[in-house]
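As they're listed, the protein sequences go chains A and B. Reminder that position 90 of the first sequence reads as 90 in the numbering used here, one-by-one numbering, no gaps. Reminder that position 230 of the second sequence reads as 230 in the numbering used here, one-by-one numbering, no gaps.
Hints are computed from structural coordinates only; laboratory data are not their basis. One thing to keep in mind: the hints can contain errors.
Stretches of chain B that chain A covers, calculated by requiring three or more beta carbons in the stretch to come under 8 Å of a beta carbon on chain A [claimed, not checked]:
hint, stretch
1, 119–132
2, 673–684
3, 985–995
4, 1019–1027
The calculated label-pair distances, taken between Cβ atoms and stated as ranges, are [as the list claims (entries may be wrong)]:
hint, chain 1, residue 1, chain 2, residue 2, range
5, A, I64, B, K267, 46 to 52 Å
6, B, I903, A, F315, 17 to 23 Å
7, B, P987, A, R78, 27 to 33 Å
8, A, C104, B, A271, 54 to 60 Å
Far from chain B by the CB rule (all over 12 Å, computed), these chain A residues [what the hints assert, rightly or not]:
hint, residue
9, Q70
10, D71
11, E74
12, P85
13, R89
14, N91
15, K102
16, T109
17, V110
18, P213
19, K218
20, P229
21, P232
22, N277
23, W294
Don't be surprised by glycine CBs; every beta carbon is placed ideally from N, CA and C.
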Amino acid sequence: MSSNTASSSGGSGDSSAARKNSKRPKYSKFTQQELPACKPILTPGWVISTFLIVSVIFIPLGVISLFASQDVVEIVDRYDNDCIPAPARTNKVAFIQGDAPKACNRTLTVTKRMKQPIYVYYQLDNFYQNHRRYVKSRSDSQLRSPKFENQISACKPEDDAGGQPIVPCGLIAWSLFNDTYTLSRNNTPLAVNKKGIAWKSDKEHKFGNKVFPKNFQKGNLTGGATLNPDIPLSEQEDLIVWMRTAALPTFRKLYGKIETDLENGDTIQVTLQNNYNTYSFSGKKKLVLSTTSWLGGKNDFLGIAYLTVGGICFFLALAFTIMYLVKPRRLGDPSYLSWNRNPGGGR
Amino acid sequence: MKRFVYINDDEASKELSCDNRISNTKYTLWNFLPKNLWEQFSRFMNQYFLLIACLQLWSLITPVNPASTWGPLIFIFAVSASKEAWDDYHRFLSDKKANEKEVWIVKQGIKKHIQAQEIQVGNIVWLRENDEVPCDLVLLGTSDPQGVCYVETAALDGETDLKTRVIPSACVGIDLELLHRMKGVLECPVPDKDIRRFDANMRLFPPFIDNDVCSLTIKNTLLQSCYLRNTEWACGVSVYTGNQTKLGMSRGIAEPKLTAMDAMIDKLTGAIFVFQIVVVMVLGVAGNVWKDTEARKQWYVQYPEKAPWYELLVIPLRFELLCSIMIPISIKVSLDLVKGLYAKFIEWDVEMVDQETGTASYAANTAISEDLGQVEYILTDKTGTLTDNKMIFRRCCIGGTFYGNENGDALKDAHLLSAITSGSTDVIRFLTVMAICNTVIPVRGKAGDIVYKAQSQDEEALVIAAARLHMVFVGKNANFLEIRLNGSTIRYEVLEILEFTSDRKRMSVVVKDCQDGKIILLSKGADESILPYACAGQQTRTITEAVEHYAQLGLRTLCLAWRELEEDEYLEWSVKFKEASSVLVDREWRIAEVCQKLEHDLYILGVTAIEDRLQDGVPETIEILRKAGINFWMLTGDKQNTAIQIALSCNFISPEPKGQLLLIDGKTEEDVSRSLERVLLTMRTTTSEPKDVAFVIDGWALEIAVKHYRKDFVELAILSRTAICCRVTPSQKAQLVEILKSCDYRTLAIGDGGNDVRMIQQADIGVGISGREGLQAARAADYSIGRFRFLKRLILVHGRYSYNRTAFLSQYSFYKSLLICFIQIFFSFISGVSGTSLFNSVSLMAYNVFYTSVPVLVSVIDKDLSEASVMQHPQILFYCQAGRLLNPSTFAGWFGRSLFHAIVVFVITIHAYANEKSEMEELGMVALSGCIWLQAFVVAQETNSFTVLQHLSIWGNLVGFYVINFLFSAIPSSGMYTIMFRLCSQPCYWITMFLIVGAGMGPIFALKYYRYTYRPSKINILQQAERTGGPILTLGNIETQPRTTLEEEVSPLSIITQPKNRSPVYEPLLSDSPNATRRSFGPTGTPLEFFQSQSRLSSSSSGYSRNCKDN
């Protein structure tokens, strides 16, 4: 954009400022609205080059993002359906709520070499952690310190059990995910590190190390997982991860980290306890093994979006150039002012 | 209805029980709070915010802390309430001052000193010279043996000359002592506001001689706020007191003014409110359905089976609160803030300081600056507003010799001075006529100098000029005049005064020279009424030429003539004159007939030329403003001729060939009706012609027209760009304003005297000139300026900028609130339609207060065009007048933009932060940062001129956003602890931001460029021209030739009447696309009909009717 600095025309102001008068307003560039200003106008050159520059930046960025996403190796295994024995599939809810053994074996094949750390996620679909009733049903102060054990007013309906406050209270904690995975590679156990999966800040400041679970899952209804009452909340990393509520109905939460590389062709056996009820609302459950890149997990969206926007900008630059060449218009041509035209031929 | 006032009788007058307390205050101590609250809550927006604030107290549904609404709400209310209280307190103080003024009254024959507020109806009030009249009085006695006194009525009707008032005939000859004990009864009408009429009767009780009813007229009254002048004392009985006086009745209560923009903003707010309700209902229903179908299956949500009765309402109400930010509470605060600043800019403007007196402009009403940019009609007072109110004798032509042609001032013409010293007969006679052919009263001032009090400014100018030319009119004693010429004193006895009437257009006096006993007839008058009666044989050709020459220079001319009368001729005529004077029927006509018998065979002495000096820059100002599409009406209490004269000289109307004056007159209903019909017919037929048609109407005809032919008159008002209304009263002025307002025009009234106060208060914008006629107008006005010419700066610069800025600010405020609201709505679809807020409380509150308000506030110093360009192309004001920058279609553009941006932000955020990154707090902050980035770029894109402040606020605000959030992220107990640090360390976050900016701004930028280059609005063209330094600035299609003197040949307004449409709306402007507005985004190609229906006048005659509300 071209710009020219407006020269202030304070001629009249100077002469009047010379005379002293109490009523006379003070002269300054601001009060006279004459601050030097840069007044850009949209000349074709500036606009076209802006679009060109944007496209030149965006297209490579898109390519880089796409490469980063392609670098990520991801193994996704949906198991919610397959882990119900075939006879029980007519009534999955009854099965999951029943007492039948829920162990289930899955086999995954590594199709591409995966460098450590490999993250193990569980993914839930159609699970509304962002529901208003749900997301508000927690007591941050109770989690932080045993002093506020009784601050459970926000936690309804999972606030107390027989008059005793539940720690941790609220629907979020109550519905803690309780599927477990045991991994082995080529029949040798594969260690999944479950330490350090929660945010450090949460462990240190949000969940107190003197707060121990109390009366948890002792109510009329049992929700999800139970907690070991001897371990303080700050060490209950699964809970901490779960309590970081997801904003979208499809989300992944960190289960653990594999700290060895996986080679192409490795088979991984997963023995899982299929405990968590997603069947009543037909939610999906998936196990995800994934590496990361500088951009995070596998996500082509950014790369594609960058390429699209860059492409559109390039196209616009091209279109404006053509328009400029085909139909040039002089900027600020006074003949465009209707009152300069003959009124007879006003249009 | 009548009322009876008993003079000097407390008992009998008690039933009227009205003291003289004046009260202009709006509130009392007791009703202040309820009344003020009631007034504030009558605004829709306030009701809305109160409702939201109350709803937020219910914790089940509130998404945020209630304090976030209550705090600002109480703050806003407190600010405007204390402002009102302050204003009212000042009114109270000034009332108190007037009420506690000491006056003399007579009770039971004893003079008493009391406060003005204690005067009762029926009291006899004593006034001394220069006292202000405390209430409406009927004169009973004066110091003058003939019962005459003089009053200055400037505060009442704006006329500065002295008026004579006489005591009723019944009171003549009552001596002082009796006066004190006078008893009687007055039968007078109930209080009204007509200052020209007082039809009452008086009957004095014995012992006063006659028991007859004596009729009273306005001539017998002293009205409140007049000043007694040149009279030692006067006394009168009070008939109307307090707020019932003529002045009090005509003093309307100033209604709080609302600008057209405010109304539009309110309307748009209403529309958004409806939209919000629809959204809330849809989401509420969807939410309830989802709850009953899906949420019951979501075991982890634990919806109870049994719900309280209000369960169905909970979700809609939650959405209501979630969407309540759609109507930004900040808009009121920021509008008040910027409006205050607009007013300050007006006061600070050094170019609007009167250099002579050093008074700066003042904006009493800080709320209506935008309206200045939308003015369609300017109603202006004449005297003191357009003119300096100073008549100056400039030239003369005596016996064929021109004086004053060389230097433009006859008083300094050496030839004339030498002619006087040499005692040339013609010249001496000429001066004698100038000095004594008038009704001027010379008054000896304190310092011994002579001050002339004249009914007519022309006469005063002539007398003063004569005095400067050594023919000094020294004194008047009954019928004897004293003239001093070069040291010798000459005495004349006035025998008769043949008064001026508008039919005769001349006045004469018959005087007897006390030295030699000669009887002389002295006449002066308009050329057409003097020249035909010139004595046979005299060549009047030079006189006619002189008159024409002077008229072309815009000077007011009078012909002076002289004739010596034979004694018998006079005596014979005198008898007839006396006879005619006492005739009851057709007296005026009879007198005129008799006068004519004397006024013949006149010896024409010469012509005087008087300049009624226009204020500096008046013609250019009117010309520029008329070019800007503003219509001018002149409302004056003055005579028709004078008004037309002035109108001609200040470009108001064009002289004959180009312009046409249509006269509406008549004394009776039929006359007026016929006249009106005729004028209307002409108007209708000439609308297509490039002719400057104006109509002239006088007060009497106006009253009839408005009363009986309102519809016709309204039509006329709409058709006519120019009008001259002469001899109108203050309330008629206000009535005219009201008529124009009722047709939905924006009116601006400008005046300087007390007689303009009502008009000023009635108009959308009142502008007062802090001039000679006191400060009443300036006090009542919304703006007071030192000179008329500042009006163009006030309108074209300040009004226009204010409009543009407010248009941007208000729409932008909605844009940013809608943006965040749309995101919330979208989010609700992926959160089970349960009314979860994506953003935390802190962000929501800070979004409106900190993150988005600062950059936009700095738009108050944005200038789309330089002042010079606007002055050169005043037509550009049309964009403001027609409301091109803030209307439903531009608003739709902003609405669309916020929808588009919300989609961009939301889609990019949820996809970029999917799966393992979809943490609530993080996602919320990413979306919020996206909004902040976008809004910074939107402000930058809409800014026309970047000053340091703009850069600071736009980019500084962005930095501020991160600083504030880093602070919050450092507090362990806050919900967003460490969130911002985590985000800012992720490359993904920054990549997402760039993407949002690129995707959000790219299309908008492209669209703006396309419009700017290929569909430019006039503003864009001027911007381009101005900034590329193109040829437009030197185009000079407007020849702004400063008229320093009137000596230049007055070209008959070739500038104004350059061929163009007669309709107030310029057709060519209408023809460009309404979407070519500066700040709109949205579907192109909305048809033109929208604007054409808004434009008031298509040239077809059917156009006007739909604009009149009362049709």
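task: Hints the structure violates: just list their numbers, smallest first.
output: 1, 2, 11, 22, 23
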